[in-house]
Amino acid sequence: MIALLAQAGGFTAPTIDYHAFAPEIVLTGVLVLVLLADLVFERDKWLIPSLTGIGVLAALVPVLTLALDGTDRVMFDGAYVVDDFALVMKALFLIAGYVVILLSTNYIAEGDYHEGEYYFLLLSSLLGMSVMASARDLISIFVALELLSIPAYMLAAWRKRDLKGNEAGLKYYLMGVFASAVLLYGMSLLYGVTGSTLLTEIGAQIGAKPSSVPFITLGILFIIVGFGFKVSAVPFHTWAPDTYEGAPTPIASFLAVASKAAGFVALLSLVFLAFPGRSDVVEPLMWILAAVTMTVGNLIALRQTNIVRLLAYSSVAQAGFMLAPLAVVGDAGQEALTAVVVYLLIYTAMNLGAFAVVIAVARRTGSGEIDSYRGLFQYSPALAVLMSVFLFALAGIPPLAGWVAKFVVFRALLSAETVSGAVLAVVVAVNSVIALFYYANVARLMWFQDAPEGETTSIRVPFSLSAALGIAVIGTLVFGIFPGLVTHFGDVANLAASAIP
Amino acid sequence: MTDFLNDWGLTLVTFIPAVGAVLVMAMPKGDDLLVKVVALAASLGSGVMGVLLLLDFDYDHAGELQYVVDKNWIDVINSRYIMGLDGISLPLLALTLLVVPLCIIYSWNHLPDPGKPKAFFTLLLILETGMVGTFLAQDLILFFVFFEVVLLPMYFMIGVWGGPNRQYAAIKFFLFTLFGSALMLVSFLALYFLGDATFDIRLLPEAAAGIASTTQLWIFGGMFLGFGIKVPMFPFHTWLPDAHTEAPTVGSVILAAVLLKLGAYGFIRIAVPILPEAAKDWAPYIGLLAVIGIIYGALGCLAQTDMKRLIAFSSVAHMGFVMLGIATLTPIGFNAAIFGMVAHGLITGMLFFCAGSVKDRYHTLEISRLGGLLTQVPKLGWILGFCAMASLGLPGLAGFWGEFPAILSAYSPAPGLPVETFRTYMVIAAVGTVLAAGYLLWLYQRTTFGVPKEEFADEEIAQLSVFEWVAWIPMLVPILVLGIYPNLIFSVTDPAVEKVLHSLVGGG
Amino acid sequence: MLLNQFLLLGAVLFCIGVYGVLSRRNGVAVLMSVELILNAVSINLVAFGAFNGDVAGQVFALFVITVAAAEVGVGLAIVLLIYRNRRSVDLDQADLMKG
Amino acid sequence: MWFLEHAWIIPFLPAVSFVLILAVGKRLPFGGSEIGILSVGTSFVLSACTGVAWIQHVNAGGGGEGGEEALGLAARAAEEGHHAIEPIVKTVTWFQFGGHEFPVGTMIDGLSVIMLVTVSLVSLLVHVYSTEYLKGDRRFTHYFAFLSLFTASMLTLVIAQNTLMLLTAWELVGLCSFVLIGHWWEDKPNSDAALKAFLTNRVGDVGLIIGVIILFFGAGTFNIVDINALAAEGGLSHLILLMAAICLTAAVCSKSGQFPLHTWLPDAMAGPTPVSALIHAATMVVAGVFMVARFYPVFFEGFSISSSSINLLAFVGAFTTVVGATLAFVQKDIKKVLAYSTISQLGYMVMALGVGAWTAAIFHLFTHAMFRACLFLGAGSVSHAAHHTFDMRKMGGLRKYMPSTFATFVIASLALAGIPPLAGFWSKDEILAGALQGQTNAYPAMLVLGCMTAFMTAAYMTRAIWMTFFGEYRGEGTPHESPRVMTVPLWILAGAAVVVGFFNLPEKLAPDSIALRFEHYIEPTFAFPEIEHPEFSFLLAAFSILLAVSGIALAWRYFAHNRGPHGLTERSAAAAWGYRVLENKYYLDWLYESVIVQSIKGPIANGVYWFNQHVLDGVVNGAANVSRVTGNWLYRSIDQGGVDRLVNASGAGAEGSGQLLRRIQTGRVQQYAALLFAGAAVLAGIFIVII
Amino acid sequence: MVAENIAFGLIAAAIVLAALRVVTTRNIVHAALYLIIVLAGVAAQYFLLGAEFIGTAQILIYLGAIVVLFLFGIMLTRAPLTGESSLDNDQRWLAGLVGLLLLAVMSYALIDQFDDQELPADTVQRTSQVADSIFSTYLVPFEVVSVLLLAALVGAIVIARKD
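These protein sequences, in sequence, are chains A, B, C, D and E. Going by our numbering, the letters in the first sequence line up with residues 1 to 501, in that order. Going by our numbering, the letters in the second sequence line up with residues 1 to 508, in that order. Going by our numbering, the letters in the third sequence line up with residues 1 to 99, in that order. Going by our numbering, the letters in the fourth sequence line up with residues 1 to 691, in that order. Going by our numbering, the letters in the fifth sequence line up with residues 1 to 163, in that order.
Same shape as in the complex, but just chain A:
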């Protein structure tokens, strides 16, 4: 088709590196396949999730081959780049997606939801994320953002008969649309002032401008606000707890992990490629967002009674920790990037794990109340141990992976050797202690309190859920004990290399 068009006028067909697009092509193929399979095989319920899972894993193959290949592939004048950063993030999305599929398998099948469409939308969203990892211009970023968001809006409302489910979808959708409106406005400003949608080009232009341009400041700020919503930074986080609570739990985990990560990916590309010269705006903004986000998230989390809401606020606070390195981006540079990437990788493992346990426990108790975890250790010790592992990992207790994440954040903050960095480091330290309160509280209920009457048999965990738990716990432990593995990824993920197209 492209060749036909090319003949039509003075059109030069772009050269396309199919290897570079292979992950997306595989995902698209699977996506179509799932849609078709849903039509054809209505009886075989197991087929769709398996197909989806295999498809996601298949998409990982080209990611690996690309990684082994090692060369950075730059296309469309730098609008689409497949470098190590992109690959690391793609792998993250795909693995997280795979785990979410594992989490969904029984949940969706037993809930009598629309299975085929569910996986179809999940894959669409994943495709959007995968594109996001490589997107290096405003339009690609916007479109990728919408592709990953719109299916997610609908997935959040997937429990159609449940009022909370509807409400979750509605809130997420409206807030998402508002945020993308603000984002778009910001993008339009930046495009207007630079005349380009390429991040590197924008970076070069606005970096050259004098230090205080309200217009540019406004553009940057609106863009960051737009993504602030996506990563659920305070005060743009309000949707998160409600949506997580009302959405199907696997989707909540998907939003908390993959969607948030996608927001960070875009934020990182923007901050490092488009705003490198504007740390006068980015740094204080990120400082405020980070400090407020972690503090508010943690404080509100202290008072939660629902486990999913607790995790939601915890993920808000975690977003604050992840934003923190960006507050010293001007001085810390690569350290900050490494910190965020490493944090994301680790956060993915431990948060998915926590959600997996929540799903498993809810199979028995049917409740999201924290109180229903009372005495879990007595009747289902394995789940209690796993949950503790994930929670304490989130709290940052060595040797569970969370400490590495906190550690790289500290390192980035202190490596800047600025007062603001040091102060933020102290804020992070204090917040990690506050966070421990509520994580430990859950652990306390599980371990130290007696189980409700009659709870004696342990909870049966279906295979796919066990697999998800296994992946998460291995990630949490291995990253914690051999931090070199994960910091390596953070280190190779280098946006500076692709800054020069």
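Keep in mind the hints are simulated off the structure, nothing from the lab.
For lysine to any residue, the following SDA-like pairs were computed, each having C-alpha atoms within a straight-line distance of at most 25 angstroms:
| # | chain 1 | residue 1 | chain 2 | residue 2 |
| --- | --- | --- | --- | --- |
| 1 | B | Lys359 | D | Lys188 |
| 2 | B | Lys71 | A | Ile481 |
| 3 | A | Lys164 | A | Asn306 |
| 4 | A | Lys164 | C | Arg86 |
| 5 | A | Lys209 | E | Ala104 |
| 6 | B | Lys29 | A | Phe463 |
| 7 | D | Lys26 | B | Thr375 |
| 8 | A | Lys164 | C | Gly99 |
| 9 | C | Lys98 | D | Ser657 |
| 10 | A | Lys45 | A | Glu110 |
| 11 | A | Lys164 | A | Ser367 |
| 12 | C | Lys98 | E | Leu94 |
| 13 | B | Lys116 | A | Gln378 |
| 14 | B | Lys116 | A | Gly375 |
| 15 | C | Lys98 | D | Gln659 |
| 16 | A | Lys45 | A | Ala362 |
| 17 | B | Lys29 | A | Arg374 |
| 18 | D | Lys188 | B | Val451 |
| 19 | A | Lys164 | D | Gln671 |
| 20 | C | Lys98 | A | Arg303 |
| 21 | D | Lys188 | B | Arg361 |
| 22 | B | Lys116 | A | Glu453 |
| 23 | D | Lys400 | D | Glu132 |
| 24 | A | Lys209 | D | Ile686 |
| 25 | C | Lys98 | A | Ala362 |
| 26 | D | Lys135 | B | Gly450 |
| 27 | E | Lys162 | C | Arg86 |
| 28 | E | Lys162 | A | Asp162 |
| 29 | D | Lys508 | D | Asn441 |
| 30 | B | Lys280 | D | Phe217 |
| 31 | A | Lys160 | E | Val154 |
| 32 | B | Lys499 | D | Pro103 |
| 33 | D | Lys188 | B | Asp306 |
| 34 | A | Lys160 | C | Lys98 |
| 35 | B | Lys499 | B | Ala207 |
| 36 | C | Lys98 | D | Gly653 |
Chain A is fixed; fit chains B, C, D and E onto it per the hints.
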């Protein structure tokens, strides 16, 4: 053999318990005996490794790190897997390797409610890995990780198997320690960035020399909080009585015997050698807090009505002596501190064992309800007396060699420290020994002398079991042996202490 | 023509849209206000495209229009879903989850 | 020489015996007592051999192998023209600090030898005596075990080569006294007494610890010989010596029952009587005196004994003699009479040391050990006969029933009272002579107090003997003489009380070959201050005899013939007051106790109650109470109230603010949206204005 | 030029007024009708800016599809057709405040930056240029949008349909 130990010794001794923990977890659910056997085997395996290391250790060069392993770990931040054993680590390693198997033996039939041997022993073994690792790590980050590893198992041990107020105690323990270690980590990172971009404890004293002195003070302050809370020093001690009181017997024993040592060890191994100048500025205040701790802990003991809580408070006082020794920054003081740690570990550990056995028999530790232990369980009474005597620093028993040299060292602190201040501390600390005698003997009198109270007078109280004997004798014997021949430890620690303090005073 | 006259028109439209999304309680009316905002952005983009003599502005606007269509479709679907369950599209009533 | 170099065996044997008795004692036919007697007996023999060896060594002029450590100093001393006989020192490494090794070992000189002999002899006799006295006791075996340990500790103490070892043994002695005083711990008063003894000693130990530390840093060593040598040579500053001496004096006060820390000693009578004998005669309480003698150069220089006419040591000693003697008057319990008498006599010794009469002090220590042990064992024998009571009001007339006990008791009493030619006379007279002559100045106050005590001693012993042995029997049942195994030790000791006084006959009364033998062999010549030895004074001797005799006579008149100011306490308010003061031990305990306690305990009514109820309580109890109350207060208000509350409050504060922040989350999506847009607008406003 | 400016002024005024009515009218159907005016006005502005393809697309997509969608939505949700206050919630003041604040910030930034800069005289861009651009430089977004539309379609059906 030596080659094998050089390459693998320290790694094995650290991680055999961890492997054991995994194995214990993998054991079938109902088979408690198998779980216990595996747990004991793992801790003994580590112990055997430890004995091999001790036998092979080159005592003529106790000041040098031996069996050093230096492997890549986290390349990005130049943090390495460095383990090493020298005269400072050695006694504490030995202590840890001794205490844990004994705890397992003690728990054989004594598992506190609600049972669950699998989880209990798993935690115990993880704890051992953390403790051993802390004493061997020669890299700040590695140290930090091991330092924190002990946190969770202890938290659960207190929280699940503890007393009635266990939840509060557990979370308090956890939060205090975590708060300290968060600041400690910030200090470590500051060292890394301001120093030579290394976490290697061996290199840091030199690398950190160039840091501005005010910055050094701040960095030391962070570490002070981290280690001081763990010690625990007054006024950060409030987690300790709760944790000790609520923890199950074995938990208390490990807490007292090893965990409290991690903080003081941190001072000796990390804080002082790396930042000697800051240490000098801090020393008078550390000394002050130490002597306040001595008196305060003793007075706190006198106020207690619960036997276990009393013993717990005594730890505050005893660790005060340890910290006083460290605060003098002299070889004598450091030697005293290390000896004091080992002695306190053995003695207070034993006291907690005794308290646990009393609780098993009388189901209460309320001092006013006890009495006449010597008539009902004479052997236990004798052992309690022995430990009380050792604890109050009777010469000829191990406690004395932690206490007396610490007081001694305060007479003549390192050059540059205010002599008069330290001499005042010395006098106060010496008065503390009287108070120590006071509360311990008072405890002893009320619990063991006299005749049993009415409620227990007619009860058949069990005599000491085989498990108790097996668990206790290996702790009682060193209390006596070390008391009579303290050079067993001093000869090992002294060269290492000299080396550590070299930058500070150059000996003397 | 001044660039700013288009931009300011966009800004005004944007803010009217913001007012609308904040003050309307009817779900459909909120979606209409969203359209105002998106149109404001499109005006901006096209105006900047003209100002810069660059085709990217128009392309961007085209994508925005397309995406807006998709968003409205999804949004209406969700509003319909709510209506079906609640017999109301009053957003104020959708506060089951809070705190 | 062999004996001198292997003196470690002497304490080692009883130590082994301790372990053996504990291990197997219960299974032996005599419950372990045979091991104890065997070991202590062997120790005694070895001590005696050591003594002989030492005499030979002195006679040989200190030749042969010298002490390994003191050689350098000896060489220096030799240069200065002394004929010094060095102590025999043997050491092995004990531990190391800061690269220096510190040894442990034995040091044998005259002082050690005489102490070895005294201790092992008394201990042996007490062991033998106890087999009967404690027969059937339920903790017979434990008793012997700790008796052995007690002996071992004291033997270690006297041959200690360095201050640390001395400190160790010192504390072990305290521990054993704790165990033995509290032997019958089922009764609370007994365990109270044990606690009090230990804690009071602990107070003094603080002085010892600090003193040892000061000397360590002053002299750079724990080695006693080196410290002494340095002190004697003037190698240590006077300030250091003074401080050290003051600190060590505190230790002496607690261990040797000197004013004002003597209150534990009468309470310690709660232990079995043989233990009291051992404590008072040879082991525990003389440790303080021994320690002063051991560090004599320190005290001598520190207190400037040579040039002063009063000093802390002399004053404490002299004052204690009078205090002890007056208190002994009003006791109704025979053991308490003896206990206060001990305090008084120890005061003599300390006073002697304080005035520079070193040899007199040690000589008195030696003679006193004999008759004191005899008196205590006699009292035990009496109580054995009189249904285990020590209350003299329930005795009387026992002379008829137990002649052996009576005879030995009288001999020992006369020795104590200082009737020539019994042992006590010689040693006491030497002390008084020392006070009279002093070094450069006389010590007149000491002399006066000493003479007063000499009078009172005679008087109260007469009173005790009268109440116990004369008159009519006032107790229950029929008293009987104790068996042989108890009376034989009594006779041995009584014999010793007669003869040991001749060991140090004054030069004026005896030929040179037997005069001043004690001084010749015992008094150190190496690292020792230049002491002026008192001359024997016939006048003084006569006066002291007169005092003793008149004391006996007056008391006899008063009690036996019922003459004198009987009913004085009823008739004279002043006398009644005086009697009450004495009966209440000078209100000393009360002073410590209620002054401090009342200030905390509150209302005066409470205080009066305390005055009535607890006047007899001890200083330690008082201090302990203060500590407990303070501890309680600290714990409740500061620890649980302050620090903890702060921590908890911060937790509550965090939760509270969390609760507040939750209100943001209203659940209404348009408010969320408002927050989003407002957030964007406000942030934009701030950033545009500021940046 | 003047004509263009007059045209702009008139259309802009219409847009703003209509937009205000969209967010204030009490009748939801009226709101939809006002929305038509706004959308058409915006399309007119596009033509003024020489963006004919966008203008056309605006009319086709918005007027042809979206407004119809809205009307269907209004009917399906049986919104009251008569005017009443329930169309608004109780945070109008807050909404107005936020709107004005935003407006102030945005206009300050815009005026500060572009003050009175003129648009270039010839702003017309051919549709073929847009097409070339979409199929070369912006090929990826284009493909992505196609998936996006498919996803939105499938999802919206599942969400909206009765089951």
